[in-house]
Amino acid sequence: MSDSQNNSVAFVATEVIPQSPPPARETGVVKWLRENLFSSVTNGVLTVVALYLIYLVLAATLPWIFNGIWTTSSLSECREVLQGKTGACFSVLTERWHQLIYGFKYPADAYWRPNLAFVLMLVAIAPVLFFDLPRKLLLFTAVYPFIAFWLIWGGTILAPLVVFVGFVAAAVVFQKFGRSSFAVGFFGGIAVALVVWTVGGALIPDGASDNALLPAVPSRDLGGFMLNLMLGVTCVSLSIPLGIALALGRQSDMPLIKGICVVFIEFIRGVPLITLLFVASVMLAYFFPPESTVDLFLRVVIMITMFSAAYIAEVIRGGLAALPKGQYEAADSLGLDYPQAMRLIILPQALKISIPGIVNVAVGLFKDTTLVSVISMFDLVGMIRGPILASTEWNGVYWELFGFAALLFFVVCYGISQYSQWLERKLHKGH
Amino acid sequence: MKKSVVFGALTVAGLAAGAAAAGTLDDVKARGKLNCGVTTGLVGFAAPDANGEWGGFDVGICRAVAAAVLGDPKAVEFVPTTGKTRFTALASGEIDMLARNTTWTFSRDVDLKFTFVGVNYYDGQGFMVPKELGVSSAKELDGATVCIQTGTTTELNLADFFRSNNISYEPVPVETNAESQQQYLSGACDVYTTDASGLAATRATFEDPAAHILLPEIISKEPLGPLVRHGDDNWGDVVRWSLNALITAEELGVTSANIGEMAAGTNNPEVNRLLGTEGTLGEMLGLDADWAKKAIMAGGNYAELFEGNIGESTPIGLARGLNAQWTDGGLIYSPPFR
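Residue numbers (the working numbering), protein chains in the order written: chain R, 1 to 431; chain H, 1 to 338.
Since the hints were made in silico from the structure, they are not lab data.
A hint or two may mislead.
Claimed, not checked - With a straight-line Cα cutoff of 27 Å, these simulated DSS-like cross-link-like pairs (lysine-lysine) come out:
(1) H/Lys131 <-> R/Lys85
(2) H/Lys29 <-> R/Lys105
(3) H/Lys84 <-> R/Lys105
(4) H/Lys33 <-> H/Lys113
(5) R/Lys325 <-> R/Lys426
Values in this document were obtained by computation on a predicted structure and should not be read as measured data.
Take the sequences, apply the hints, and build the full model.
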């Protein structure tokens, strides 16, 4: 048998043929190119056209960037150095760097103060953004706004201290009475805080800011990208709690609360932000005597916060509406009262659904802070449009300045967007 | 009831504002600082430099008034205003005076209740075209596309000019001077029109200024000057005569360089009255006797301010033209100091 087997077949391979590499057109770069760029005639043509367009853009911008001048002191000097070649005049960024970041009136020897406040902000914001960090860090987050206020505005430390004590007193009262009756705790807390602020405010001696450890800087002297960041961070962090409250209020069964929330949201959403800013800067000046106006920065913060809170409220209302009714009923059947049900069952789920919407509003709000340049506050765009482009040295430099502003905003907004995607992945429980 | 409370509060606030505004001069002296409204930035007229110090032709007026009233040209709080916020800032008392290349018109003076105290720059609307267009007069601009800033008097002047000359044009509306510079350079419009000083300043920043010409026609009157609120004539006088002191100083040859020896006493009684060595002009205004001397020392006389900020030696390169002294054929003219 074995013989016949050997003879009946002319050839039998006795060893395994070694694996040969796949054909060149089915592997590596070639395969990728063929499948992704040249899979059909149309796609091939489109690829070539796209490559040509990219070449055109790069051919125009790269020499411009790499020939850039960084060290001259005016646009005309830039042009002398370049001798008609293409090249950017980045010197405006180096020469006006401090103005772009801090505005033109913030005292130069105090730049470390906003810098320190910025670094501390990263520390304070970390436990809010990343849940794995020790919860004790939240204590620093609670103190941070007062430290930042003192660092940036300077003046007497008593003012932020009194405000802080007022908040602490309100929190204590709320802890003590809020358990038994929410209303007593809530309004009692507000009353106590007001008393502390009035008494404390009266106790601060006149001129306490004159010889303070950190010299006082008025709000009008703030500017540059610092102002955008301050407005963005303050307004986002204030408008999220306010937005949650408005969203819950809009769903409330109590007609008065519901009515107030609906009117507020609909009114604010129906008015352009720039109108609110004009009201803040121009109209309010008519209602106050010249010496006792509310600080312009505060007015703008209030307006932007109200504006974004109305939008965030609607986003969160969407999240609340997306929850199945069974969740509410389940909370009720467990015997939870309203605050507990909201805190433990409803809001964690609703907020998770609302994350993309909230981030969308936050990014939009951050970019909207540039609108303050129309009410003559010198944020980054205000600095560029006003003082820098109006100086005899730099009149006529556009691409470099606005490109720089776009870059700064892109970095921050892209960071926010990446964080929100990370958060969504982390909170995704895989059902 | 509630309404009346609100209105009551408003009335009180209004009265307080009125009371505070009753004596601007005293307010400024008590505050130790002059609140002066300027633009958020206009080349040569007002802009902060790399160190954040304001400089410019309009800024010079603010500094002169501060020096006259407070003795210190640095005692000024510059309040930057936009075209939209400038009048409310002045009317609400946020600023004491406005020196922001503002055109003196009937309605602003009468209807908005401001007092223009004088003219520090006579401007007028002009046209700029690329040289290669081959145009030498605005009347040849039939069918041209024109870049024009919206919401300004220039827009109306333009329509009037083209209509009265029976020629047509196509407007390209733009928002700011910076934007129109880009539009004009990129060829989106054939002609750019705005105040002649602005055109000159804009052209100075071009890579090749010689490739663009300003047409000879000036189609409007734009007298620019500082202004104050109605109702405080004493303060209006202070600002008016501070400006006039600068103008008279040029006429009499008093400069910031020779003012020291002039102030020691001269044979010219008008110089002596101006500088306070004769007469009681300062006392009449409620100021020190040497108020005008301090105002002139702040930034020099009118000619020095002009040449230092917008004159022919600067990149902006404006000729004196209408803004020469009346003795040189211009319109700059101060009533006598006596």
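Verification of the hints:
{"no.": "1", "hint": "H/Lys131 <-> R/Lys85", "result": "23 Å, holds"}
{"no.": "2", "hint": "H/Lys29 <-> R/Lys105", "result": "23 Å, holds"}
{"no.": "3", "hint": "H/Lys84 <-> R/Lys105", "result": "23 Å, holds"}
{"no.": "4", "hint": "H/Lys33 <-> H/Lys113", "result": "24 Å, holds"}
{"no.": "5", "hint": "R/Lys325 <-> R/Lys426", "result": "25 Å, holds"}
In terms of the numbered hints stated before, the structure departs from none.
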